[in-house]
Amino acid sequence: MSQANALAQPGRVNGVDVGALFNVIKAIQADPGLARFNFRASNQWQGCEKTRTTIKDFTGARQTHRSNGPSFVVDSGEPPVLLGEDRAPNAGEYLLHTLASCITTSIAYHAAANAVEIEAIDSDLEGDVDLRGFLGLSSDVRKGFSDIRVRMRVKTDARANRIREFASMSPMLEMVSKATPVALEIETY
Numbered sequence: 004m005s006q007a008n009a010l011a012q013p014g015r016v017n018g019v020d021v022g023a024l025f026n027v028i029k030a031i032q033a034d035p036g037l038a039r040f041n042f043r044a045s046n047q048w049q050g051c052e053k054t055r056t057t058i059k060d061f062t063g064a065r066q067t068h069r070s071n072g073p074s075f076v077v078d079s080g081e082p083p084v085l086l087g088e089d090r091a092p093n094a095g096e097y098l099l100h101t102l103a104s105c106i107t108t109s110i111a112y113h114a115a116a117n118a119v120e121i122e123a124i125d126s127d128l129e130g131d132v133d134l135r136g137f138l139g140l141s142s143d144v145r146k147g148f149s150d151i152r153v154r155m156r157v158k159t160d161a162r163a164n165r166i167r168e169f170a171s172m173s174p175m176l177e178m179v180s181k182a183t184p185v186a187l188e189i190e191t192y
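Quick note: the sequence shown uses the numbering used here, first residue 4, plus one each step.
Honestly, I wouldn't trust all of these hints.
Stated by the list, open to error - Straight-line C-alpha distance at most 30 Å; calculated DSS-like pairs for lysine-lysine:
1) 53 with 181
2) 29 with 181
3) 29 with 59
4) 53 with 146
5) 181 with 146
6) 59 with 181
7) 158 with 181
Stated by the list, open to error - Pair by pair, the computed Cβ-Cβ distance ranges are:
8) 125 with 191: 44 to 54 Å
9) 184 with 67: 18 to 28 Å
10) 190 with 125: 40 to 50 Å
11) 186 with 36: 21 to 31 Å
12) 142 with 87: 23 to 33 Å
If you are wondering where the hints come from, they were derived from the structure by calculation, not from laboratory data. Given the structure is predicted, the values throughout are model-derived calculations rather than measurements. Each residue gets a CB set at the ideal place from its N, CA and C atoms; glycine is no exception.
Model the full structure from these sequences, guided by the hints.
Here it is in structure tokens:
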């Protein structure tokens, strides 16, 4: 994030405490080790298509956070057409939520750092899946999304290409659009 065009007086832009944001940036510039974070989640199968994920603590800035705070519980399921009971979003829907959430937050934070005011951000996302990959019916078909489309509407005086620059800083956008290595370890008991 650049301090160019930053507000002359400390305050909030887009709900973001710009002074605190720049303090974090300065601290990381002085000590890059503060930038390393580790997020964790535990998941339990609840039968058929249902799973429950518990998210508690994480590490970052050389500290453990939320260790005595609340845990977040997230359930997932499938719609009836995929043999579920439709009691919670499925993993693909959560992925779209994750992507929208991260792109939106990235725009808000980077815009704030550059004194660009945002009045509203809303988005619609779609992802295409061909079940033949998941079902093992075709090795030529991906198991996951073949395409994801994100349509964002941002109410601001800034130009679309500037907002696109802010969106491109999204960690989840990079993770989804460029393969992230996943180490899968399975043990049986």
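Status of the hints after comparison with the structure:
1. 53 with 181: holds (28 Å)
2. 29 with 181: holds (28 Å)
3. 29 with 59: Holds - the C-alpha atoms of residue 59 and residue 29 are around 28 Å apart, at most 30 Å.
4. 53 with 146: Holds - the C-alpha atoms of residue 146 and residue 53 are around 19 Å apart, at most 30 Å.
5. 181 with 146: Distance of about 16 Å is within 30 Å: holds.
6. 59 with 181: Distance ~27 Å between residue 59 and residue 181 Cα, so the pair holds.
7. 158 with 181: Since the Cα atoms of residue 158 and residue 181 sit roughly 28 Å apart, the hinted pair holds (cutoff 30 Å).
8. 125 with 191: 44 to 54 Å: Holds, since residue 125 and residue 191 (Cβ atoms, about 45 Å apart) stay within the stated range.
9. 184 with 67: 18 to 28 Å: Given range 18 to 28 Å: holds, Cβ gap about 25 Å.
10. 190 with 125: 40 to 50 Å: holds (43 Å)
11. 186 with 36: 21 to 31 Å: holds (22 Å)
12. 142 with 87: 23 to 33 Å: The hint (23 to 33 Å, Cβ to Cβ) holds, given that residue 142 and residue 87 are roughly 26 Å apart.
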